[in-house]
Amino acid sequence: MAASLQRGRLTAPGWAALVLGALIMVAPLLWTLLLSLKHNGELVGHSGAALHGPYTLENYAAIFGNSLTTRWLLNSAIVAVGQTAGVLVLASLAGYAFARLEFPFRRTLFVIVLLGLAVPSQAVILPQHQLFAWLHLHNSYPGLILPGLVAPFGVFFMTTYMRGIPKELDEAALLDGASRWTIFWKVIVPLTIPAQSTLAVFTFLGAWNDYWWPLISATRSDMYTLTVGLAAAQMNYAQTSGLGYLMAQAVFASIPIFIVYIVFQKQIVRAMAGAAVR
Amino acid sequence: MKRAAAALLALLALGSCARADHRTHLYLQRFFGECGAEYGGGTDIAKAEGECGIITTMVDRFNAENPDIHIDVNVVAWPGYPQLTAQVAARDPPDLVTMHEGVISDYASKGLLEPVDGYLRAAGISPKDFTEAARQGVTMQGHVYGLPWDTHGGLFHVNTALFAKAGLMRGGKPVLPNTPEELIAQARQFQQRTGKPYLIQSNVGDPAFAARNQYTYMMAQGAVLFPDAHHIRLNTPIGVEVADFFRRINAERLGTQNMDTPAAIAAFINGEGGIYPTGTWMIGSFEQEATTPGRPLYRSYAVFPYPRLWGQHVEFVSGHSWVVPTHKRTPQQRAAVARFFRFMAAHNYDWARTGHIPAFEAVLNDPRFKALPHRSDIAPLAAIGRPLPSYVQRQNAIEGLVGEEMAAGFTGQKPVPRALADAERRVNDLLGSVE
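In order, the protein sequence lines correspond to chains A and B.
Under this note's numbering, the residues of the first sequence are numbered 1 to 278, in order.
Under this note's numbering, the residues of the second sequence are numbered 279 to 713, in order.
If we strip away everything but chain A, and leave its shape as in the complex, we get:
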């Protein structure tokens, strides 16, 4: 009701501006889709050919014709789901500890975690690569998943969220004889579902789109993630003689992300608006 009232206040120019903005946002995506449906040869001389038929699915057929594509898709799914699950567990536990427990150097440790937000991943890529080499973890799922579990943002996010949950709930549970673990698992975690879902979406998207670490850790093609595999499959000068295929790859790689956005759009919007942190 409130939403429809808000919509009712929009004037015609406001609607026009919104529609124009939406069109500007959608245009590159639509252009990508149209290019992906054209024969490569037609696009070499004139990419404007995408605006009219005939259209073809041959670029998508070529993607699936590669026997490794489904393997890369599976790898990406395992890595993204594994990282998401791991981050949720670790960030929730750490967040609970920082928000609720008293232990030595708690504040110092939290500051150290926050400092992690300021360190770009590129700055630690060399020692990280060396460490994983010593552990013989390259070209393995643990090798692809573990670095993503270091998630200072997730810890900060969950700590902040849990601090907003009234302590009276913990105290009431303690009076009823609940252990720390029971309080965490039965009381706190259910109340953090909105934050968990927001963190899950962002972690999943980050893991799915990651290129740099899989590029240097997964150096055997059967362990590539989808981003690395599709890049490797491109022929040289793909932007000229293989434009349709290139765009089909972009569309194909975006589909899971698109689905995640559609399913979790409420959480994403709320997270963007900062509403998930109370």
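Since the hints were derived computationally from the structure, they do not count as laboratory data.
Be a bit skeptical, because a hint or two may be false.
Here are some chain B residues pointing at chain A (derived, C-beta under 10 Å) [as the list claims (entries may be wrong)]: (1) V453; (2) F621; (3) A624; (4) F647.
Covered stretches of chain B (chain A as the covering partner; in silico rule of three or more C-beta atoms under 8 Å from a C-beta of chain A) [unchecked claim]: (5) 313 to 321; (6) 353 to 365; (7) 368 to 379; (8) 526 to 536; (9) 540 to 549.
Okay, the calculated beta carbon distance ranges per label pair [claimed, not checked]: (10) B:G710 to A:N209: 31 to 41 Å; (11) A:S67 to B:Y576: 52 to 62 Å; (12) B:R471 to A:G21: 42 to 52 Å; (13) B:Y576 to A:V19: 54 to 64 Å; (14) A:Q239 to B:R471: 46 to 56 Å; (15) B:T457 to A:A123: 45 to 55 Å; (16) A:P54 to B:Y576: 46 to 56 Å; (17) B:R369 to A:R180: 50 to 60 Å; (18) B:V482 to A:L20: 37 to 47 Å; (19) A:V19 to B:E519: 50 to 60 Å; (20) B:L650 to A:V19: 40 to 50 Å.
Ideal Cβ positions, reconstructed from N, Cα and C, are used throughout, including at glycine.
Since the structure of chain A is provided, determine the placement of chain B on it from the hints.
Showing chain B alone in chain A's frame:
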């Protein structure tokens, strides 16, 4: 939940499965893309087209002809050096890698590549079999560090229909200039008669274009671009003369403006200019346009090395090669590498169908090669081609820096002397940090 966990564990275990057979395995890493869907399993090299198709079929053919060896192919995103460096750091490098000749010095100088002299001897290949450009490209401090696979460099791709309209054809061949002044005069005539620019230029986002032009015409005048391993010398009277020449082309609007590579390719294909100076790798695409009725380039395409405008007829080139990263290998694997080299050398003609210049003199003189479209016109590139000196490291990065600055100088975004000075400073800073 338990079932999902069990399934996940099963998948993880599956991903860790090791092969078990009695063949000698070689782990080959290459770029050129993945086209297994179209060519996977095929062994008829003559039917394969394009870099990806030909290399895919060649490796499958090698595997079919050598049942005791199996090449495991790993396709990497071009150019693949971040992955190779990571593999070297993890002490798990491949056995064979495609490498641009300009990159060999980066790895060989640190002992990360094996000299391949022994493999070549075992394969019955002598460095004397290579073309001059190919031999220079893979030789460093008296050792050969790779099997040269081709030579590639810039070519003048010409729209002969527009050249005819401009009155610049003689005996069915385009008339290319012999001096800078001649080029300017021809360009003016071309523009006057066709209403189109003489040169199609990709000065945006394509540093190789500007760097290639600057290197080539400085080399032609005998300039020593790299007096030692840590310095470049561009800001000289010769450097200024070359850069001023390209600046003049832009100032007089004799070339296209604000084009990146795809735009320049499209412009050439659509007949929007006379000459597109770009690489050997575009011959196949342009030839396809030239043989398709109804296309603007139909029966209107010719291609030649860069013309001699100053001094000697030389041209900056690079090439692809097969290198062997330093690693512990069994005698069987070493023998397999030698057999792979012999096979690839024997099929160098097939690779030359991509448009690249062969790395072997014998192929250059092979009637099959000469019979390929335009190859007799571009074959001189093997003799006039000059790579950068092998003691220069970071050649790719240097090309990027030089190209960026020279494009700024050519297009007037910077005064030419400043562009040259900035290029020198940036390259020298980079080389100063190289051990």
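Taking the hints in turn, this is what the structure says about them:
no., hint, verdict
1, V453, "violated (26 Å)"
2, F621, "violated (22 Å)"
3, A624, "violated (24 Å)"
4, F647, "violated (22 Å)"
5, 313 to 321, "holds (count 5)"
6, 353 to 365, "holds (count 9)"
7, 368 to 379, "holds (count 3)"
8, 526 to 536, "violated (count 0)"
9, 540 to 549, "holds (count 5)"
10, B:G710 to A:N209: 31 to 41 Å, "holds (36 Å)"
11, A:S67 to B:Y576: 52 to 62 Å, "violated (38 Å)"
12, B:R471 to A:G21: 42 to 52 Å, "holds (48 Å)"
13, B:Y576 to A:V19: 54 to 64 Å, "violated (44 Å)"
14, A:Q239 to B:R471: 46 to 56 Å, "violated (33 Å)"
15, B:T457 to A:A123: 45 to 55 Å, "holds (53 Å)"
16, A:P54 to B:Y576: 46 to 56 Å, "violated (21 Å)"
17, B:R369 to A:R180: 50 to 60 Å, "violated (45 Å)"
18, B:V482 to A:L20: 37 to 47 Å, "violated (29 Å)"
19, A:V19 to B:E519: 50 to 60 Å, "holds (56 Å)"
20, B:L650 to A:V19: 40 to 50 Å, "violated (55 Å)"
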